Amino acid sequence: IAGITQAPTSQILAAGRRMTLRCTQDMRHNAMYWYRQDLGLGLRLIHYSNTAGTTGKGEVPDGYSVSRANTDDFPLTLASAVPSQTSVYFCASSVGGEADTQYFGPGTRLTVL
Amino acid sequence: GQNIDQPTEMTATEGAIVQINCTYQTSGFNGLFWYQQHAGEAPTFLSYNVLDGLEEKGRFSSFLSRSKGYSYLLLKELQMKDSASYLCAVSSNDYKLSFGAGTTVTVRA
Numbered sequence: 002i003a004g005i006t007q008a009p010t011s012q013i014l015a016a017g018r019r020m021t022l023r024c025t026q027d028m029r030h031n032a033m034y035w036y037r038q039d040l041g042l043g044l045r046l047i048h049y050s051n052t053a054g055t056t057g058k059g060e061v062p063d064g065y066s067v068s069r070a071n072t073d074d075f076p077l078t079l080a081s082a083v084p085s086q087t088s089v090y091f092c093a094s095s096v097g098g099e100a101d102t103q104y105f106g107p108g109t110r111l112t113v114l
Numbered sequence: 045g046q047n048i049d050q051p052t053e054m055t056a057t058e059g060a061i062v063q064i065n066c067t068y069q070t071s072g073f074n075g076l077f078w079y080q081q082h083a084g085e086a087p088t089f090l091s092y093n094v095l096d097g098l099e100e101k102g103r104f105s106s107f108l109s110r111s112k113g114y115s116y117l118l119l120k121e122l123q124m125k126d127s128a129s130y131l132c133a134v135s136s137n138d139y140k141l142s143f144g145a146g147t148t149v150t151v152r153a
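Taken in order, these protein sequences are the chains called A and B.
Just add 1 to wherever you are in the first sequence, counting from 1, and you've got the numbering used here.
Just add 44 to wherever you are in the second sequence, counting from 1, and you've got the numbering used here.
Some clues are possibly wrong.
To be verified - Mimicking SDA-like on lysine to any residue, the simulated pairs with C-alpha atoms at most 20 Å apart in a straight line are: (1) B:Lys140 / A:Val113; (2) B:Lys140 / A:Arg18; (3) B:Lys101 / B:Gln63; (4) A:Lys58 / B:Gly72; (5) B:Lys140 / A:Pro62; (6) A:Lys58 / B:Ser71; (7) A:Lys58 / B:Lys101; (8) A:Lys58 / B:Gln63.
Unchecked claim - Facing chain A, a subset of chain B residues (Cβ under 10 Å, in silico): (9) Tyr79; (10) Gly84; (11) Lys140.
Hints listed in this document are in silico derivations from the structure and should not be mistaken for laboratory results.
Since the structure is predicted, the reported quantities are computational estimates derived from the model, not experimental observations.
Ideal Cβ placement from N, Cα and C applies to all residues, glycine included.
Please model the entire structure based on the sequences and the hints provided.
This is how it looks when you write it as C-alpha cells:
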C-alpha cells in the first residue's frame with residue numbers, strides 16, 4: 002500500500018452499537034488526525050496524535066476515542082453510536098511538527114440509524 | 045475560537061478565471077493551506093502560504109495578506125475537471141488546521 006487507507010468504506014450502524022473505524026498509513030508520518038465532514042460545516046478535528054503513544058482532543062471529541070499504539074495505525078472508536086455521528090470521517094497524516102501538509106485517506110461514510 | 049469564511053458556491057465558464065476568497069480570524073498564524081476536494085473523494089493539497097504575496101503553481105495561484113487576514117485562490121483557464129470544492133485551512137498556534145466550510149466551484153461548458 003502507499004499512502005493512507007481507511008476501512009470500512011461505508012457502514013450503516015444501529016444506534017447504541019460500538020464501532021471502530023480503521024486508519025493505516027505507510028509513510029512513517031509522526032502525526033495523525035481524525036476529522037468529520039458534515040455539509041455546510043467543513044472538516045472538524047475530532048482527535049489527533051503528534052506521535053506514537055500520545056493523543057489529544059480536537060474540536061469535537063465527545064463520543065469518540067482513539068489510540069496510537071504504533072506509528073502506522075490510528076483507530077477511531079465510537080463507544081455507543083448516536084444518529085448525530087452520521088458523517089463522513091477522514092483520517093489524515095503529516096510528517097509532524099510545524100505547519101506541514103496533511104494527507105488524507107479516502108474516507109468512511111457512516112450512517113447511524 | 046477560529047473563524048474562517050469563504051463563499052459557499054461559485055460558477056464559471058470553461059476557460060475563464062475564478063477567484064475564491066478566504067478571510068480568517070485565528071489564534072495565531074502558522075500558514076494557510078488550500079485543498080481541492082472532488083465529490084465523494086478525499087481532500088488533496090493544492091498550496092501553502094506562510095509569507096505575504098503570491099505563490100504560482102501552473103494554472104493555480106494563491107495569495108496571502110497576513111495583516112488583512114485574507115487569502116485567495118485563483119484558478120485560471122478553467123477546465124471541467126476543476127469542478128470541485130476548495131477548502132481554505134489555517135494552521136494556528138498549536139499547528140492544528142482549522143477549515144472553512146469550503147467553496148463549491150461549478151465549471152460550465
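Here's how the hints hold up against the structure:
1. Distance check on the hinted pair: Lys140 of chain B and Val113 of chain A sit about 28 Å apart at the alpha-carbon level, beyond 20 Å; violated.
2. About 30 Å separates the Cα atoms of Lys140 of chain B and Arg18 of chain A, which puts this hinted pair outside 20 Å; it is violated.
3. The suggested pairing of Lys101 of chain B with Gln63 of chain B holds, with an alpha-carbon distance near 15 Å, which does not exceed 20 Å.
4. Distance check on the hinted pair: Lys58 of chain A and Gly72 of chain B sit about 19 Å apart at the alpha-carbon level, within 20 Å; holds.
5. Pair hint Lys140 of chain B plus Pro62 of chain A holds up; C-alpha atoms about 14 Å apart against a cutoff of 20 Å.
6. For a cut-off of 20 Å, the pair hint linking Lys58 of chain A to Ser71 of chain B stands: about 17 Å separates their Cα positions.
7. For a cut-off of 20 Å, the pair hint linking Lys58 of chain A to Lys101 of chain B is broken: about 35 Å separates their Cα positions.
8. For a cut-off of 20 Å, the pair hint linking Lys58 of chain A to Gln63 of chain B is broken: about 34 Å separates their Cα positions.
9. Taking 10 Å as the C-beta contact cut-off toward chain A, the hint placing Tyr79 of chain B at the interface holds, the least distance being around 8 Å.
10. With a cut of 10 Å, the hint placing Gly84 of chain B at the interface with chain A holds, because the nearest CB-to-CB distance is about 8 Å.
11. This hint holds: Lys140 of chain B has a C-beta 6 Å from the nearest C-beta of chain A, less than the 10 Å allowed.
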